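A.B. asks: Here's the letter readout for the chains.
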Amino acid sequence: MAAQAIAATRERVLVAVMGDEDTVTGLLLSGIGHIDSKQRGNFLVVDSKTPLPKIEETFEEFVKRRDIAIILINQHVADTIRELIDEHTAAFPTILEIPSKDHPYDPSKFA
Amino acid sequence: MLSADVNSKNLNYKLNSMYVDLLDLIDQYQALQLQIKDNQNEAFFNLALAKLSMGTQNSITSLQYDKRELKPSSVVKYSKNSFQLLLNAAQYSDDEREEDDNENLKITKTEDSDFGLRKRINHNKVYLGVMEVNDSCNNCSSEEEEKLKKKIVKEKKKRNDPLNWFGILISNSLRESQKEFKNSLSLIIELANCSLKINNLKEEYVNLLAEFEHMQLK
Numbered sequence: 052m053a054a055q056a057i058a059a060t061r062e063r064v065l066v067a068v069m070g071d072e073d074t075v076t077g078l079l080l081s082g083i084g085h086i087d088s089k090q091r092g093n094f095l096v097v098d099s100k101t102p103l104p105k106i107e108e109t110f111e112e113f114v115k116r117r118d119i120a121i122i123l124i125n126q127h128v129a130d131t132i133r134e135l136i137d138e139h140t141a142a143f144p145t146i147l148e149i150p151s152k153d154h155p156y157d158p159s160k161f162a
Numbered sequence: 002m003l004s005a006d007v008n009s010k011n012l013n014y015k016l017n018s019m020y021v022d023l024l025d026l027i028d029q030y031q032a033l034q035l036q037i038k039d040n041q042n043e044a045f046f047n048l049a050l051a052k053l054s055m056g057t058q059n060s061i062t063s064l065q066y067d068k069r070e071l072k073p074s075s076v077v078k079y080s081k082n083s084f085q086l087l088l089n090a091a092q093y094s095d096d097e098r099e100e101d102d103n104e105n106l107k108i109t110k111t112e113d114s115d116f117g118l119r120k121r122i123n124h125n126k127v128y129l130g131v132m133e134v135n136d137s138c139n140n141c142s143s144e145e146e147e148k149l150k151k152k153i154v155k156e157k158k159k160r161n162d163p164l165n166w167f168g169i170l171i172s173n174s175l176r177e178s179q180k181e182f183k184n185s186l187s188l189i190i191e192l193a194n195c196s197l198k199i200n201n202l203k204e205e206y207v208n209l210l211a212e213f214e215h216m217q218l219k
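Note that the protein sequences, when read in sequence, are chains A and B.
Numbered according to this note's numbering, the first sequence spans residues 52 to 162.
Numbered according to this note's numbering, the second sequence spans residues 2 to 219.
In short, the hints are calculated from the structure, not lab data.
Remember, it's a predicted structure, so these values are computed and weren't measured experimentally.
Just so it is clear, CB atoms sit at the ideal spot from N, CA and C, and this is done for glycine as well.
Please note that the accuracy of each hint is not assured.
Covered by chain A, per the in silico footprint, the following chain B stretches (three or more residues, Cβ under 8 angstroms) [what the hints assert, rightly or not]: (1) 5 to 16; (2) 29 to 36; (3) 63 to 72; (4) 76 to 86; (5) 194 to 202.
Some chain B residues judged to face chain A by a derived CB distance under 7 angstroms, without partners named [what the hints assert, rightly or not]: (6) PRO163; (7) GLN179; (8) LYS180; (9) PHE182; (10) LEU186.
Full structure from sequences and hints, please.
C.D. replies: Printed below as a string of structure tokens:
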């Protein structure tokens, strides 16, 4: 059982990102981007036209995937799916809220 | 009775100590967030400069992302209760064909009619451009074939550098921005480790507090 858990964490190597275009572009430049043969990516650009169900669906997909270790999400995007984020209590994938260019980090929202 | 009192005091001491550690970790977390913000401000500034210098409004956008198969060069590894960032992770592959791709590289000869066309063979074989295959390869020695294979592997790695999505002449600002974002990624991994410690400590604290309260009720 413990060996299975260790093997499962070893599979988790990717860093996923959900945020505005500049944040996603920057983090892709740093080399975290991944698209598999089934065209599943580990990033989502969220802008004013992105529908909320799409953000929720992508977040849930990232959480279910076994190859994602960390999900980076801009704080203002996280606010739109706060309930889903609060429901996630597992250690993996680790969810981190990061600042964006237009929405600086707000420490009062640290939970 | 006395031992229960002593146990209770010990637990109380542990709880206080844990609480202080938790507050320290939260301070660390906030400090890291501010560092990331400062670092990213530099990175976003350079990105904006790059957009200006590269001429058009749409030169650096999500439309330029290469949405074919993409391999990450930066991955994380979880061991000993913390994440480690692996840069230049050339060994990462999400299927075994990546290794087979390089072992089974075949230099194919093109006919004259194929010259000038970019021939994309399926992803189990080699991607060859016009530059790699030419008439002189018709009589390639094994050494030359090896050199060509190495060149092709190098081209594939270059294809994986996201900087190449945004054109051939990349501005220095964009390169600087990439460096800053890579630094930012290291800070983000530290933040992830801090977050894991906070969650673990919080869980321990809650369990210990429950035990303490149970003891007090007795």
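A.B. asks: Against each hint, give a clear statement of whether it holds in the structure.
C.D. replies: Each hint, compared with the structure:
no.	hint	in the structure
1	5 to 16	violated (count 0)
2	29 to 36	holds (count 4)
3	63 to 72	holds (count 7)
4	76 to 86	holds (count 5)
5	194 to 202	holds (count 3)
6	PRO163	holds, 5 angstroms
7	GLN179	holds, 4 angstroms
8	LYS180	violated, 9 angstroms
9	PHE182	holds, 4 angstroms
10	LEU186	holds, 5 angstroms
Violated hints, in rising order: 1, 8; the structure is consistent with all others.
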